[in-house]
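K.L.:
The listed protein sequences derive, respectively, from chains E and G.
Okay, so the first sequence: first residue is 1 according to our numbering, each after it adds one.
Okay, so the second sequence: first residue is 281 according to our numbering, each after it adds one.
These are calculated hints, taken from the structure and not from any lab test.
Just so you know, not all the hints are guaranteed correct.
What the hints assert, rightly or not - Okay, derived cross-link-like pairs now, DSS-like style, lysine-lysine, Cα gap no bigger than 25 Å in a straight line:
1) Lys11(E) / Lys448(G)
2) Lys448(G) / Lys287(G)
3) Lys202(E) / Lys155(E)
4) Lys444(G) / Lys339(G)
5) Lys178(E) / Lys81(E)
6) Lys6(E) / Lys339(G)
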Amino acid sequence: MSRFFKSSGFKLFAVILAALIAGSIISVASRSGSSPLNKAVSVVFGPASRLAGALSSGFNDLPISFRSSSYYKRENERLEKEIDRLREQFVDYEDLVHQNEFYKEFLDLKEEHSDYEFTQAAIIGSDAADRFGSFTLNKGSSSGIEVNDPVIYGKYVVGTVKSVTPTRCVVNTLLNPKVNISAYDARTREVGYVTTTVEYSKQGMCVMPGLSPTTAVASGGIIATAGISGIYPADLIIGTVDDIVDATVDISASAIIKPGVDFSQLTDVFIITDFNGQAK
Amino acid sequence: MTLSLSKKNTIIRRACLAAAVIIFAVLQNTPGWFPSIAGVRALILIPLVTAIAMTEREKAGILYGLLAGALWDTSARGNSFNAIFLVIAGYACGMLINTIMRNNFVTHLLLTGVTVAVYNLGYWLWHYVFAGLSGSVYALLTSFIPATIYTLVFAPIIFFALVKLGRKFPDPD
């Protein structure tokens with residue numbers, strides 16, 4: 001047994017494990033949610049991840065052409081080239097439209113709330129083990145991002161920053177049951193909070209529990225942030241009410257909410273790094 | 281100064297393994313690069329580290345586990361959970377092959393199955409059961425068990441690819 005503990009393999013294992021555990025403790029103590037190893041690796045491999053993320057979105061936009069070997073091959077090739085050229089133009093146009101919409105919504109928000117400070121970021125990764133749609137962005141503490149900063153798309157809430165390294169950060173979306181946001185119904189002004197459950201998260205939905213049994217909140221109502229906790233500014237849109245259901249354990253009612261953004265389609269987001277009333 | 285053939289083979293083989301770890305990390309953690317079935321994604325770094333530990337033994341298992349886990353953690357919450365898990369898995373698999381188990385496909389499937397199951401079960405317990413989330417059994421049945429099975433589909437491919445790599449660049453012993 002003593003030979004086992006004195007073996008070089010065990011010593012290497014013990015040293016690395018102790019260093020990793022120490023790093024984890026540091027990450028908890030520093031409240032950045034990232035260990036020193038994670039920070040170092042994210043800096044070193046950051047460009048590779050950014051490249052992979054860019055290629056991934058690039059591949060999605062690639063037009064696919066099938067070539068014929070028949071009598072009409074040459075004519076087909078000429079037409080395919082023409083189609084490819086037009087498709088590329090169309091993809092470029094769609095990209096511009098998308099970017100234009102993205103920046104227009106951002107501009108509207110900036111004009112409405114001059115106190116907001118933003119950082120734009122691109123999605124470059126996601127944890128395969130996470131079932132709640134969390135993702136990694138290509139901006140980190142060097143861009144002024146901190147844990148709990150709100151992440152938005154236009155006027156819509158996406159989630160909050162969970163952990164930060166110098167060059168990237170991980171975001172928990174609204175589909176994570178650990179995310180709770182104080183919210184209100186825009187029509188009735190009824191206040192509550194929005195979260196989700198494992199089942200609703202899998203369906204891409206959120207829930208606003210604890211409403212009175214005679215609530216006036218109804219399908220189609222717009223749910224917005226109340227700004228009470230200081231994590232989110234007020235009046236950002238969370239989503240629309242899809243249904244009102246009775247709670248299973250008490251007499252209250254819950255509003256089932258469809259988030260305003262399709263998280264699977266997101267490629268770029270904005271992080272609000274500062275706003276009036278932000279909790280520090 | 282010239283390198284002996286065996287040393288050259290070892291360097292090439294291990295460089296290929298390091299490249300494989302990086303490529304697998306990118307494939308696993310970049311959205312849209314690896315097919316997900318009903319929202320379930322394969323954790324392909326686990327069978328890769330298990331196979332490396334089996335073919336290269338415990339020290340390589342630790343180091344490649346560290347590399348794979350550290351890369352995985354850059355897309356996760358960053359508390360080195362994946363690095364710690366894969367270092368332990370790499371060491372345990374390498375030691376088991378060194379001492380009491382044979383290095384063949386059946387043991388690879390067994391070790392990978394146990395490792396993926398332990399990872400998913402641990403993740404489920406920590407993030408769902410201990411976190412007090414309702415619907416955790418639903419998540420186990422619809423997400424974690426399918427993810428374990430989906431990951432195991434890739435175990436044979438990875439194992440035989442590494443065996444082939446070992447035969448192409450063998451150690452003399």
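K.L.:
For every hint, state whether the structure bears it out.
P.N.:
Against the structure, the hints come out as follows:
Between Lys11(E) and Lys448(G) the alpha-carbon distance is near 31 Å, which puts this suggested pair outside the 25 Å criterion. Of the pairs offered as hints, the one joining Lys448(G) and Lys287(G) holds, with about 13 Å between alpha carbons and a cut-off of 25 Å not exceeded. Note on Lys202(E) and Lys155(E): the hinted pairing holds, with a Cα-Cα distance of about 24 Å set against a maximum of 25 Å. For the hint linking Lys444(G) to Lys339(G), the alpha-carbon distance of about 21 Å falls within 25 Å, and the restraint holds.
Restraint check for Lys178(E) and Lys81(E): the C-alpha separation of about 50 Å exceeds 25 Å, so the hint is violated. With a C-alpha separation of about 14 Å, the suggested pair Lys6(E) and Lys339(G) falls inside the 25 Å cut-off, and the hint holds.
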